[in-house]
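Visitor: Okay, here's what each chain looks like letter by letter:
There are 2 protein chains.
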Amino acid sequence: MSPREARALFRAGLRVPTSGYCAGHTQANLIALPRELAFDFLLFAQRNPKSCPVLDVAEEGETRASILDGDLRTDLPAYRIYRHGELAAEVGDAREHWRDDLVAFLVGCSFTFEGALLDSGVPVRHIESGSNVPMYRTSRQCRPAGRLSGPLVVSMRPVPAERVPEAVRVTSRYPAVHGAPVHVGDPAALGITDIGRPDFGEPVDIRDGETPVFWACGVTPQAAVMASAPEFAIGHAPGHMAVTDARDTAHQIP
Amino acid sequence: MSPREARALFRAGLRVPTSGYCAGHTQANLIALPRELAFDFLLFAQRNPKSCPVLDVAEEGETRASILDGDLRTDLPAYRIYRHGELAAEVGDAREHWRDDLVAFLVGCSFTFEGALLDSGVPVRHIESGSNVPMYRTSRQCRPAGRLSGPLVVSMRPVPAERVPEAVRVTSRYPAVHGAPVHVGDPAALGITDIGRPDFGEPVDIRDGETPVFWACGVTPQAAVMASAPEFAIGHAPGHMAVTDARDTAHQIP
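Residue numbers (full-length UniProt numbering), protein chains in the order written: chain R, 1 to 254; chain X, 1 to 254.
The shape of chain R in the complex, shown without the other chains (with noise of 0.2 angstroms):
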């Protein structure tokens, strides 16, 4: 399926986790917030570049970026919307609530290197067992930025103890899509307490031989809106991004 006719589907109402969809193409997290945010945030991102690397940012007001084309308010799979921090509704469609003076960032999502870790023998539990990724806020604080202050989000993925060498290898190369993992083992030196219980997503197995490996995440933005409690903001739903016409390719490193 291509990036085009993914994006068709999620217009038209399909609302799913976009993990395993249009293998070679990079997904993003959305974040969309009012103007006077808009520094703010792309300094936050800035000091935070493992959690929230940014692909693309579309002017105030603008509903299009230029890695995708499409309509951000329709082409994702769902939304949350967010009101003085607190998650107001998810929604498939997010034409009624989005605004003028919104500037919208496209975050790297780590989906986009999954095909090449299967590619290279590291098995992805979530696509395996059809779910969502599973996601924790972590005790990690981010590097705080004008308004915005909050914790780190991580992705985790059990991964059998041989080949956590070779996911952190080829992970490595695409650090515009959160890069080499964060934390590999002990979920509790993340202050995750219960690891069958994630925060955003679906649990996952973790089989004996099995490492727990953990990503920073482009939910992070999102636990920062819950932290900071700015007046309004959009984020995609976690798990649902947005699937862009970029190559993988393009954020890989030698």
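These are calculated hints, taken from the structure and not from any lab test.
We put the beta carbon where it would ideally sit given N, CA and C, even for glycine.
Don't take each hint at face value.
[Unchecked claim] Ranges of calculated distance between the beta carbons of each label pair, as one might list FRET restraints:
hint : chain 1 : residue 1 : chain 2 : residue 2 : range
1    : R       : P34       : X       : S149      : 22 to 32 angstroms
2    : X       : G121      : R       : P34       : 49 to 59 angstroms
3    : R       : E202      : X       : S120      : 41 to 51 angstroms
4    : R       : A8        : X       : D199      : 42 to 52 angstroms
5    : X       : S66       : R       : P34       : 20 to 30 angstroms
6    : R       : V91       : X       : E166      : 48 to 58 angstroms
7    : R       : A229      : X       : P123      : 23 to 33 angstroms
8    : R       : P165      : X       : E90       : 47 to 57 angstroms
9    : R       : R95       : X       : S131      : 40 to 50 angstroms
10   : R       : D194      : X       : R99       : 48 to 58 angstroms
[To be verified] Non-contacting residues of chain X with respect to chain R, defined by C-beta distances greater than 10 angstroms in every case (computed):
hint : residue
11   : H97
12   : E128
13   : E231
Take the given structure of chain R and dock chain X to it, following the hints.
Guide: Quick look at chain X alone, frame taken from chain R:
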């Protein structure tokens, strides 16, 4: 000489280009703009990452940065003051010009990888000749952002033809300080009509068997200031950089 010692000399009045100073440490370009232009500039940098890799951003009104234990108004060898896009003054101490509404950005500088070039057997002519690096305004336009637009500025180093691949390979490992060259060979293709007359810095000899190699340059923000004429800006004097405490290896990729 340590970065701290170098900064003390500059603070005391020494005005020299910093190429070759404090090998092993990261050098940075300075651009300070009024807060109301800060988002436009950070977006300009995001859209032009080869020329404007942001290393650090000081809070509004702050004159300290996290990668440099010193005062941004005094610890560079020289500064340029711009009013409405015109160069109004070049000074060794920017304190009397600094304003409380300025946001200071530090942008990676290619001087940072010159030690690695030398270590790899690639000569650096302006270090040999004790002169400032030659820099040129090109005919290549940056991607605009908000009220900021302008041409790409490049630095040039003549490289023996057989060492060009090594020069590309070595500098590719330092994307945060401009990374790989943007152009190898014909200056005319970049709209440079007289290689002997750089727009900034000083000319260097190009000897038989050498090819001019061009890297994106952190004077690009100042070219955008000249082209876009914001009410006020402060930059470093080209070639007269902020010598930071960050190791060059901190910005190296495998």
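Visitor: None of the hints should be skipped; say for each whether it holds.
Guide: Status of the hints after comparison with the structure:
{"no.": "1", "hint": "R:P34 - X:S149: 22 to 32 angstroms", "in the structure": "holds, 24 angstroms"}
{"no.": "2", "hint": "X:G121 - R:P34: 49 to 59 angstroms", "in the structure": "holds, 53 angstroms"}
{"no.": "3", "hint": "R:E202 - X:S120: 41 to 51 angstroms", "in the structure": "holds, 49 angstroms"}
{"no.": "4", "hint": "R:A8 - X:D199: 42 to 52 angstroms", "in the structure": "holds, 49 angstroms"}
{"no.": "5", "hint": "X:S66 - R:P34: 20 to 30 angstroms", "in the structure": "holds, 27 angstroms"}
{"no.": "6", "hint": "R:V91 - X:E166: 48 to 58 angstroms", "in the structure": "holds, 54 angstroms"}
{"no.": "7", "hint": "R:A229 - X:P123: 23 to 33 angstroms", "in the structure": "violated, 56 angstroms"}
{"no.": "8", "hint": "R:P165 - X:E90: 47 to 57 angstroms", "in the structure": "holds, 52 angstroms"}
{"no.": "9", "hint": "R:R95 - X:S131: 40 to 50 angstroms", "in the structure": "violated, 59 angstroms"}
{"no.": "10", "hint": "R:D194 - X:R99: 48 to 58 angstroms", "in the structure": "holds, 51 angstroms"}
{"no.": "11", "hint": "H97", "in the structure": "holds, 23 angstroms"}
{"no.": "12", "hint": "E128", "in the structure": "holds, 30 angstroms"}
{"no.": "13", "hint": "E231", "in the structure": "holds, 17 angstroms"}
Comparing the model with each numbered hint stated earlier shows that hints 7 and 9 do not hold.
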